[in-house]
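Asker: Two chains, each in its own frame: build the complex with the hints.
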Amino acid sequence: MTQRTDVSEQDETVMTTTRTWRGAEARTAWLLSTPALIGLTAFIVVPFLLALVLSFSNQRLISPLPTRFIGIENYLATFGDAGFWRGLINNVWFVAVVVPLQTGLALFLAILVNSRIRGRVAFRTVYFMPVVTVMAAAAVTWTLLLNPNGLVNAFLDVVTFGSFSPDWLGSTTWALPAIMAVSIWQGTGFQMIILLAALQDVPEELYEAAELDGAGSWKKFLNVTLPGIRNGLIFVVTVTTILAFRLFDQVWIMPQTPGGPLDSTRTMMLHLVETGFGGQAIGRASAVAVIFFILVLVLTLIQRRFIREEGGAA
Amino acid sequence: MRARAIPLIARYAAMLLLAAFFLFPLVYMIASSFKPDGVVLSDADSLAAFLPIPFVGVENYVDAIERASVFRSFFNSMVISGSIVGLGLVVNSLLGYALARLRFRGRTLLVAFVIALIIIPFEALAVPLLFLSAQLGWLDTYHVQILPFVANPLFIYLFYTFFLNVPVEIEEAARIDGAGPLRTFVSVVAPLAKPAYATVAILGFLFSWGQFLWPVMVTRGIDVRPLALGIGTFKTTPPVQWGDIMAYGALMTIPLVIIFLIFQRYFVQGVASSGVKG
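So the protein lines, in turn, are chains A and B. Under the working numbering, the first residue of the first sequence carries the number 116, and numbering increases by one thereafter. Under the working numbering, the first residue of the second sequence carries the number 22, and numbering increases by one thereafter.
Hints listed in this document are in silico derivations from the structure and should not be mistaken for laboratory results. Predicted model only: the values in this text are computed from it and were never measured. Backbone N, C-alpha and C define an ideal beta-carbon position, used for all residues, glycine too.
To spell it out: a stretch of chain A is covered by chain B in this simulated footprint if at least three of its residues, at any positions, have a beta carbon under 8 Å from a beta carbon of chain B; those stretches are:
| hint | region |
| --- | --- |
| 1 | 148-156 |
| 2 | 165-176 |
| 3 | 254-262 |
| 4 | 358-367 |
| 5 | 388-397 |
| 6 | 405-412 |
The shape of chain B in the complex, shown without the other chains (with noise of 0.2 Å):
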């Protein structure tokens, strides 16, 4: 779209404005991450909140490593939010390919039935769920914030839509060649499936590393608790250190800030394709 009505140095001085707007947290919580906890507040009235000074290294990390075990909810987090995408891309995959392109008695039913629970949220799950984990003993584990989220219809249904758009001459040519339906599946089609492959992974990652509600209902101890509950609760830890608390945030932004500008593209198509649904 053109809009030079508009002037130019309007628009760029919008943009920054915004920018800055959307930035200075996290510039900010960086910045904090490196100063003495007792700066972090007394800074906190001038632009020397931006600057790392004075600079006190990794001492903040150190201390919030130790105090915190943020190795421990990061590894947790790795090992619930890795399982949740690896196990995901699979299982949804397989599905959305059976509904897409095999013929069987029942594949329109399924399919308007995957759609239906898109519009389920998961709140409303929690409370029964939590009943069952409770019941069937798997609070405080891995599984219990892995398993309820493997399968997604979301991510099902975005694999439908592009199995449906891939040529079908492409499936042909392997099915003369003698190859079954599966192997058809794993050799030929999703190879050709990877841009929908990364869109999911990185929109599953997106929604899992970011879990908190679920976790504050199932978790008790530190031992299985992911990142985004450990820092809700360091922050009411005593002592209350904001030096501490800004480097247990940056260690659990940075490795996906970094993830998501090397990914950007694939950030962008998912985040656009998780709006065709409508």
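Bound conformation, chain A alone (with noise of 0.2 Å):
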């Protein structure tokens, strides 16, 4: 008797405590809430918002003109200009090389340090130690190694008994190929560890089950790590997509000038800046940064879908 009293009088101290712990937690939320929000207005939404309208003005950086609004001008001009589009099918072109190459390539990785060998964990560490090293160091390094004279000409120069050795950043033809193979080299350890991921959340008993009907390796690989992997696989495609789309240090910093030789490494992030920074068009550049950030969504959405439907499915 004396037990249960005990119990109802703490009940309602519990609840008591509740009761005024919730008064202040709504407080407490939009304070905790309040920088981070302040943080995400000023520097993502305002910007953003800034983007669409300035897009449709003729803003400079620095200019004594009002600024007008002159409708879809900027646009306009933008599809008009073939520095854009040879950014955007450089972009396009780089996509199509470099994302099946890096994830297969990642996939590779992947599955090689996924398997219970000795030194798996060693062989992670060096695939993932381009990752930590700065875009611009590598981009320097490579310049060197592709030098005509260089390493990579060296090496080439063996294997193909001489009769490959061109001058990579120098030609037009080799210059962006260059740069995919750089990209390469420097991202695909980030995927890596992402499909690795993906793989461990694979199910042992399915490859146990797929074992019993008897199926091989490359039967197993088919019909139980790849549907395993989709969406770990769908997320890397994408997200490679994305960053093929911002390439920008590599062509700022590899060749002798910014997206050359001849514009051959020129891309829209490239374009973005020289039009924005270098000829302080506020306006045009806000036009092409809404262009990307349409294609981005697009991506996106498409991404989302897919992933969607899987979930679905299950």
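Answerer: What follows is the structure, given as structure tokens:
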């Protein structure tokens, strides 16, 4: 009897505490949220809306002339600009080559370091090392490696018996492929880790079941591994595609002149920086930014759609 | 996964070959940083490229530090990345906690808002931000390189999902002891969230240390310029001495590699968790 009273007394205390706690809760919540919300608003929401507004204006970075709204003129000018198209085509070309190669390589690495063999952690560390190398430092090192008399060509001389040694960064044909190679070198480790996490989530029983059905390694890969890591793969492909459209550091640093030679490594981001920063045409560059954002949005929506379908089926 | 079909030796051979591919530019950079400038280029066609012979000690490092003010840029990068990470851990985790645990009007809407912001890439904001920064007279300052990156929707989301998974009972115990929400967070929840903090800190450091596009736009002089932009500029500053440039590269790469080797577990977790948002 006494015991029961004790319990109900305690319950009451808990309830009153909870009630006061709730009262403070909403206030505290806003207090805790405010610093981050100010940051998100000031540095993401406002600039984002500003990009939309400015893209319809003739705003310049520093100008004595008043700002006017000029309708879709910036968009028309951008779509009529050979430099923009050159950049976009290079980005698309970059996606077409880098996304499959890098994803394939990352998957191969993930499978290699996911097996239970000695030294797998050491290998994983090495494969991930380029990710912690700042792209600017990597780009500078690769510039030296890709020098016409550099190490890359010395190696190619030996393997191809001297039949292939282009002036990588000085050639309109080979500059973009060279930059693709550097990007793959630097980015693969990141995706390897994401795919590795996906691989480790595939239930071991599925492999055992497939084995009982007499499936070989290749069959298991096709029927168990690939469907099992579907979401991870979709994520990696989308992120790599989006990153490819953000390509900037390498094309700024590696060629003799940014985007060179002869615009062969020009990208959409380089076009944006040259227009907005170099040319100080804020309105025009904002239009490029909006186009870029719409591209990223479409890619993300495609990704979400595929991933959701998977969730629905499961 | 087991795939014993592929012989072990072939497997190791493939792994070693790939390791060589991912490692050789770094070895080359470090070896070259200890060689005379002229030899860096003339050695580039043989395996001697990977050996620091003839060894000139730290001569290139001294040159790079004198000619390119590496220390200045190093300090700048530390200030910028340190502030972004430090401030970011506080504000992002606070919002993440509020969203995950506290009940208030508009909470679900805020969660959706944060998730929506994740997809806006910084590059889409750079031009209007440049415009705003110029209007405010913020060009060539530290804060123009720090403030835009403190509140980060991806990091808020990572904290949010982490806090969702902390058992509620732990907080209830603190609550019964009479602790308010903020007190509960600081003394009970935050210490439990060390892995989340470590993950976000490392990911944030990795992103901010390598920033290039934004400093190109908002810094002109050496005063507040970070390392990434510094090496890009040094590469084109005559006389181009490759030994010095490689020393610069090594100086900005080695600290991160060391941090990586020590906290590798968190790096791997961080990257893996950046992939779960899909």
